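Chemist: Residue numbers (my numbering), protein chains in the order written: chain A, 1 to 424; chain H, 1 to 424; chain Z, 1 to 424; chain C, 1 to 424.
Quick caveat, the hints were computed from the structure, so don't treat them as lab data.
Derived BS3-like pairs (lysine-lysine); straight-line CA-CA distance at most 30 Å: (1) C/Lys244 to A/Lys270; (2) H/Lys244 to Z/Lys270; (3) C/Lys270 to A/Lys200; (4) Z/Lys200 to H/Lys244; (5) A/Lys270 to A/Lys41; (6) A/Lys41 to A/Lys244; (7) H/Lys244 to H/Lys170.
Facing chain C, from chain Z, some residues (calculated, C-beta under 8 Å): (8) Phe18; (9) Gln21; (10) Gln22; (11) Gly25; (12) Pro256; (13) Asn257; (14) Ile328; (15) Lys329; (16) Asp330; (17) Glu333; (18) Val366; (19) Val367; (20) Gln370; (21) Glu371; (22) Asp380.
The structure presented is a predicted model; accordingly, all values stated were derived computationally and were not measured. For every residue, glycine included, the Cβ atom is placed at its ideal position computed from N, Cα and C.
There are 4 protein chains.
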Amino acid sequence: MRIQQEQIDALNRQQDSFHRQQLDGLRTLYEEKRMAQTIQKLADFQVALPSWALGAGGTRFGRFSYGGEPGNLEQKIEDIGLIHQLTRTAGAVSLHIPWDIPEDVAAIRQLADELGISFDAMNSNTFQDQAGAGESYRNGSLSSVHRAAREQAIAHNIEVIRIGEQLGSKSLTVWLADGASFPGQYNFQTVLQHTEDSLKHIYSELPDDWKLLIEYKPYEPHFYSTVIQDWGTSFALANACGEKAFTLVDLGHHLPNTNIEQIVATLMKKGKLGGFHFNDSKYGDDDLTVGAIKPYNLFLIFNELVYGMENNPQNPDLAWMIDASHNIKDPLEDLIQSLEAILIAYAQALLVDRNALFTAQQESDVVRCQEILQHAYRTDVRPLLREARLRAGGAFDPLETYRSLEVRKQLVKERGSSTRATGL
Amino acid sequence: MRIQQEQIDALNRQQDSFHRQQLDGLRTLYEEKRMAQTIQKLADFQVALPSWALGAGGTRFGRFSYGGEPGNLEQKIEDIGLIHQLTRTAGAVSLHIPWDIPEDVAAIRQLADELGISFDAMNSNTFQDQAGAGESYRNGSLSSVHRAAREQAIAHNIEVIRIGEQLGSKSLTVWLADGASFPGQYNFQTVLQHTEDSLKHIYSELPDDWKLLIEYKPYEPHFYSTVIQDWGTSFALANACGEKAFTLVDLGHHLPNTNIEQIVATLMKKGKLGGFHFNDSKYGDDDLTVGAIKPYNLFLIFNELVYGMENNPQNPDLAWMIDASHNIKDPLEDLIQSLEAILIAYAQALLVDRNALFTAQQESDVVRCQEILQHAYRTDVRPLLREARLRAGGAFDPLETYRSLEVRKQLVKERGSSTRATGL
Amino acid sequence: MRIQQEQIDALNRQQDSFHRQQLDGLRTLYEEKRMAQTIQKLADFQVALPSWALGAGGTRFGRFSYGGEPGNLEQKIEDIGLIHQLTRTAGAVSLHIPWDIPEDVAAIRQLADELGISFDAMNSNTFQDQAGAGESYRNGSLSSVHRAAREQAIAHNIEVIRIGEQLGSKSLTVWLADGASFPGQYNFQTVLQHTEDSLKHIYSELPDDWKLLIEYKPYEPHFYSTVIQDWGTSFALANACGEKAFTLVDLGHHLPNTNIEQIVATLMKKGKLGGFHFNDSKYGDDDLTVGAIKPYNLFLIFNELVYGMENNPQNPDLAWMIDASHNIKDPLEDLIQSLEAILIAYAQALLVDRNALFTAQQESDVVRCQEILQHAYRTDVRPLLREARLRAGGAFDPLETYRSLEVRKQLVKERGSSTRATGL
Amino acid sequence: MRIQQEQIDALNRQQDSFHRQQLDGLRTLYEEKRMAQTIQKLADFQVALPSWALGAGGTRFGRFSYGGEPGNLEQKIEDIGLIHQLTRTAGAVSLHIPWDIPEDVAAIRQLADELGISFDAMNSNTFQDQAGAGESYRNGSLSSVHRAAREQAIAHNIEVIRIGEQLGSKSLTVWLADGASFPGQYNFQTVLQHTEDSLKHIYSELPDDWKLLIEYKPYEPHFYSTVIQDWGTSFALANACGEKAFTLVDLGHHLPNTNIEQIVATLMKKGKLGGFHFNDSKYGDDDLTVGAIKPYNLFLIFNELVYGMENNPQNPDLAWMIDASHNIKDPLEDLIQSLEAILIAYAQALLVDRNALFTAQQESDVVRCQEILQHAYRTDVRPLLREARLRAGGAFDPLETYRSLEVRKQLVKERGSSTRATGL
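Could you build all of it, start to finish, from the sequences and the hints given here?
Modeler: Pasting the structure below:
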């Protein structure tokens with residue numbers, strides 16, 4: 001399915017007067033230059049969508065399917081194309097191997113080009129056994145005490161790099177699920193050493209202009225220990241690999257009450273923050289819609305990201321991705337809501353008066369520091385998002401447009417109601 | 001110190017045009033009637049300030065004093081009067097006995113009347129030993145296995161009621177700190193029974209038009225068990241006492257990740273939510289400025305409170321109080337920030353389109369439900385707060401006015417820089 | 001597969017001398033009478049095994065199969081029979097409907113009888129959609145706003161009771177997974193009312209000698225709210241239903257740091273603790289082997305259970321069950337380890353000197369209270385477990401016997417390596 | 001007060017027969033050589049006691065005093081001498097400056113020598129303002145944006161080193177309490193840079209044979225951010241300082257559910273674990289008696305420590321210290337209980353069959369791995385502790401001996417019941 005630009009434009013026109021009024025209202029609060037810069041940065045911001053999150057997700061207790069799920073890689077990219085057309089923010093896809101091995105690379109690249117989609121970080125999978133695999137990952141992959149399992153996992157990661165090269169990707173994300181569910185199950189020092197050796201091997205196969213992004217997570221799917229349990233471990237591994245290796249932060253991969261924004265700031269200061277997976281959570285790695293639970297925390301994180309992007313030339317451009325699970329919502333609607341929440345937090349962070357904040361911090365005026373952040377956060381920045389979208393040809397209100405155009409209905413019609421997207 | 005109304009008015013006039021513009025901007029988003037109702041409810045909303053929170057707070061590791069702290073009850077009430085004059089929202093004080101036993105009841109009542117301050121819930125103290133006390137509370141008070149300690153604690157609570165009667169208070173809040181720091185230290189069933197018996201005794205001395213508010217808390221100052229550890233225990237005790245006994249919710253008194261708004265809804269449905277202590281926290285009972293850490297959560301709680309106030313006639317009017325600790329901010333500025341955050345969350349909750357929400361919930365349209373809440377939350381409601389304040393004679397911007405008028409400087413001048421307020 | 005008693009006896013005889021020596025060693029620590037009573041209580045203690053936990057479990061990220069998994073209800077009961085023969089502690093099965101609907105009730109009852117297995121609590125399932133179901137539980141079951149979904153869920157629970165009656169079960173466990181993953185998704189008060197109404201309906205169909213056990217859980221499979229989120233909610237629902245309704249505690253269903261033993265004590269004091277699901281966890285509902293992570297906590301819980309069983313005639317006999325997920329261990333070995341950990345904690349709790357503890361508590365001798373508990377806990381009680389098992393015809397060391405007899409190898413031979421047990 | 005050795009010996013003799021029997025019982029479980037080695041290692045193990053923990057501790061809500069608290073440094077060392085005489089495990093003191101500045105260094109050293117007490121790590125204090133200090137630490141010390149505050153804090157740390165040199169100490173522990181209670185209060189990158197610079201300055205003043213131990217903690221006394229929030233930050237700072245700088249782990253300084261033993265293993269592998277503060281906790285930095293809440297976790301940590309001490313020559317000897325708060329117990333009794341719990345965990349870890357564990361790990365025999373750890377943990381190792389103590393001239397049962405000899409009564413008689421030890 002493809003949406004006609006004219007359909008979007010027609011709906012946008014109905015909101016024109018309302019939008020102008022709202023945008024003008026913001027001018028009483030912020031200077032024109034600040035508003036213009038913010039709008040431009042919003043328009044430039046692009047977030048990758050993962051190929052595995054376009055169908056319904058579930059839990060170990062089950063899964064409720066969604067009609068019209070994409071049945072192959074082409075349809076997944078089409079779905080992202082639809083979201084991108086509406087939001088103008090989802091101009092990239094992050095593939096998962098082996099779920100998304102393209103049969104016809106040229107055709108996939110052409111489709112993506114047409115839809116304005118680029119290929120962001122590639123993702124490997126060593127947490128599941130594939131049919132016909134020689135070695136099982138039951139007892140670990142890159143960290144395993146079993147040499148054959150490690151070698152298979154290393155070879156798989158190298159294969160993922162090769163596929164990515166064909167598609168134009170420039171980075172490999174390693175989420176190493178290896179862990180232990182019981183004390184004593186493995187020797188912490190041994191598995192850490194194996195992991196470092198395996199990652200170095202993979203790193204040695206990385207093209208010069210690629211990055212290796214190393215994710216961390218405290219628990220799940222193992223419930224006693226995870227080999228790369230925290231940013232400190234990921235950071236040490238990235239340092240051991242070299243200058244093209246970085247830490248990747250997934251918002252859901254932290255213990256209760258962790259100050260994530262401080263981790264972000266520390267990593268950017270060290271020049272080692274490579275990527276970011278967005279989602280939200282109340283309890284664990286809940287993988288909920290971004291901004292659905294703790295939007296102020298998201299703002300505080302963006303506050304550090306914006307600071308780092310402005311002040312840390314030692315840190316590379318970041319790979320942005322949404323990593324959520326759509327258990328009870330239409331996946332496309334869920335992703336549209338996530339994108340909106342990301343841009344809101346980003347816009348608020350861009351509006352923070354950094355000079356005033358610097359002064360208040362120098363004076364230890366704690367009350368004033370809080371006021372400055374809260375002023376930006378309490379601002380209704382949605383008019384800025386809409387303006388950025390309208391200028392780029394997107395929808396004034398992507399979600400309402402999606403519903404008005406009955407996209408899901410059309411997808412079900414085209415694909416049926418019983419397809420099941422590969423993925424979790 | 002007293003602020004002249006003309007000083008406030010003069011500062012307000014400078015913001016008049018900006019304010020009109022901002023308020024008009026909201027009219028593009030909400031109907032006039034909804035706005036008028038919201039402004040009226042904001043103007044009516046009054047939050048008690050506790051007498052012990054007008055000086056600097058601290059931790060077990062120390063305390064940094066603040067100049068100009070109130071040295072007696074009169075000065076505490078004066079401080080609340082200053083905040084109330086600026087905000088028009090702090091029209092009540094909640095006293096703590098024995099820290100605030102009035103020497104001259106009539107004089108205190110007159111002072112409070114002049115400042116528009118009423119006497120909200122009385123608070124007893126059985127977590128510290130007072131000089132000359134016959135029994136120590138080291139091993140518990142209302143729950144103690146030692147009869148004499150229980151009797152002393154009961155008598156103290158009754159004395160607090162008697163003092164409250166003279167002042168016009170209508171409720172007693174019992175925060176029972178009793179607990180155990182080590183497994184086996186007490187028998188859970190025994191101390192629960194003692195607590196129930198003690199509370200019933202106190203309840204039997206309660207005037208007809210009074211309420212008994214029973215607080216709960218999972219830990220601190222004891223670190224293994226607290227006798228009234230959760231809402232379920234408080235609720236059972238309130239039921240055992242009778243229809244004038246209720247549960248009091250303090251936002252900081254929950255385990256990590258607790259869904260507090262669901263507890264609020266459950267208690268209101270049962271007609272047993274009696275009071276509310278506001279603060280914010282990231283880790284435990286951090287007693288930070290309201291709204292400083294999780295403002296969306298505060299909004300969700302208010303969303304339930306507003307629903308309950310509109311739909312649960314079985315539940316009484318609530319006793320609202322701020323219960324925070326001002327470790328590094330000027331206490332008066334800190335309280336002004338808390339009041340602002342409370343009103344913002346309340347205003348956002350009042351703006352929720354409840355009919356639309358009801359419909360979306362009936363249709364299990366999860367995406368829409370979220371949109372409805374987020375629309376209200378993302379609105380910049382500060383113009384509504386200002387309008388409510390201006391109509392009541394308060395300051396357009398209480399914090400800036402407080403600073404412009406150099407209130408703290410004046411208080412230090414009057415009281416010196418080394419007074420120390422009684423309290424924590 | 002069946003183990004011959006002589007095989008067990010032969011292995012036991014090899015340990016005879018060692019066992020006598022070890023058991024005698026304990027006689028220097030505890031009086032003969034205390035030891036005899038403890039051994040008898042250990043021998044009497046029976047824990048149900050759930051029919052769904054005899055195959056490999058997994059997570060949303062995947063599942064690693066185990067060879068020789070039971071392919072039908074008969075084989076599941078056979079597996080429990082094997083464990084029971086070795087441990088003499090697993091004399092009951094807890095069935096899950098629709099996974100375990102017996103085709104031939106008489107044959108199943110006869111098989112269970114032969115193996116010494118009784119039918120403990122029945123479990124219903126309204127968290128998954130069954131093929132051909134008229135209504136989906138995507139948006140809830142007993143709590144749903146959709147009447148038809150509620151009615152289907154009620155009817156299913158009644159059907160489960162009917163099946164249980166035929167098998168000789170005497171209780172129904174309701175784990176209501178209903179919840180919301182997003183704020184606003186449902187109205188807390190509405191879904192609580194629906195749940196109460198639905199449970200009352202089910203309760204009205206309960207035979208006179210049955211119990212209704214109501215489980216609670218804070219999160220998962222939903223990640224914002226669960227309708228029955230804590231013991232307080234379950235307790236209120238049990239009270240609303242009537243005297244045959246009780247709360248069921250699952251160890252993994254609590255927020256971080258919850259004092260579970262205090263909840264147990266409170267419920268037993270109220271006469272409302274009906275059942276217990278054993279497992280262990282470090283992070284959430286990890287469903288690990290009992291005692292694998294926090295064995296002292298398990299002891300403290302048993303300390304309350306033993307106290308309650310001795311002092312709370314108002315509380316009924318408890319339904320004990322293991323509820324764990326065997327993701328990386330042989331399920332039968334895992335269950336044997338869990339049973340051992342349960343009995344160790346139970347034995348230690350039975351050894352607590354309750355008179356001395358009572359005295360120390362009365363004297364607020366906190367140090368002594370701790371010493372008394374720790375003395376029992378630090379005792380190596382394994383000789384008592386072995387003695388109880390040997391007297392009942394079980395194995396001196398169930399796990400070693402299981403391995404010596406190559407049970408798993410035999411099961412794989414009989415059933416193949418690719419069966420997959422129904423369940424999670 | 002001094003205990004006569006004959007008093008201890010007389011009490012010990014009464015237990016002689018019982019002890020022999022118990023010790024022999026263990027010989028059925030472990031080989032003689034393993035037992036002998038374990039006893040020797042237990043006898044060698046020495047833990048420092050902090051000078052600030054010999055009086056009653058408290059919380060922000062108050063403090064209940066204890067009679068006979070030491071009133072000066074001499075009395076503090078006397079108290080440690082008493083504990084050491086009974087336990088033979090407490091042969092060191094860890095001083096806190098400015099609370100413990102010795103007036104007569106030679107006299108203090110002589111007293112300590114007589115009692116067999118050495119001077120372990122020195123502790124600085126930049127979390128409280130001292131009377132007459134030029135700069136306040138309200139807004140930070142080593143991390144402060146205010147140069148003068150940083151310089152004062154650096155100078156203080158250097159002074160602490162100088163005092164320590166006179167006493168024979170060989171390390172400085174820096175617990176940097178600096179943090180923020182509100183978002184925006186400071187710039188994360190700036191305060192981290194200041195901290196690194198300050199620590200480097202202190203490090204440059206460190207004698208060649210000294211170590212710098214850098215503690216970390218996620219929260220308290222600040223409740224939004226702590227500058228050195230986790231091991232990763234401490235590790236990076238230690239690396240920045242140099243080879244004499246190490247990370248110090250305090251058991252209570254972690255977020256809920258942290259896998260501390262994995263951190264310990266990682267740091268020892270990197271050669272950067274310098275010290276250890278023992279305590280126990282259920283909720284936060286509860287500072288409870290060691291082993292009172294999670295003894296199995298303590299064992300797992302010792303399992304890594306023992307492994308590291310045997311396999312990581314790159315890691316230096318560790319500085320061991322108890323860091324607990326004695327809010328409701330006699331501090332000396334509390335410390336005796338902590339020492340016992342530490343030795344029990346250490347003994348159990350020494351009994352782990354490491355060869356068998358290695359083999360089971362190589363074979364991914366998860367069930368066996370667990371059995372091996374649990375076998376050691378379930379052993380009643382108290383006879384080994386007693387044997388080690390008896391050989392060294394300590395008490396068979398330190399706590400009972402302490403009570404029999406009425407030590408506290410004597411201390412109250414000597415010092416009075418209203419002294420208050422300096423400290424928290």
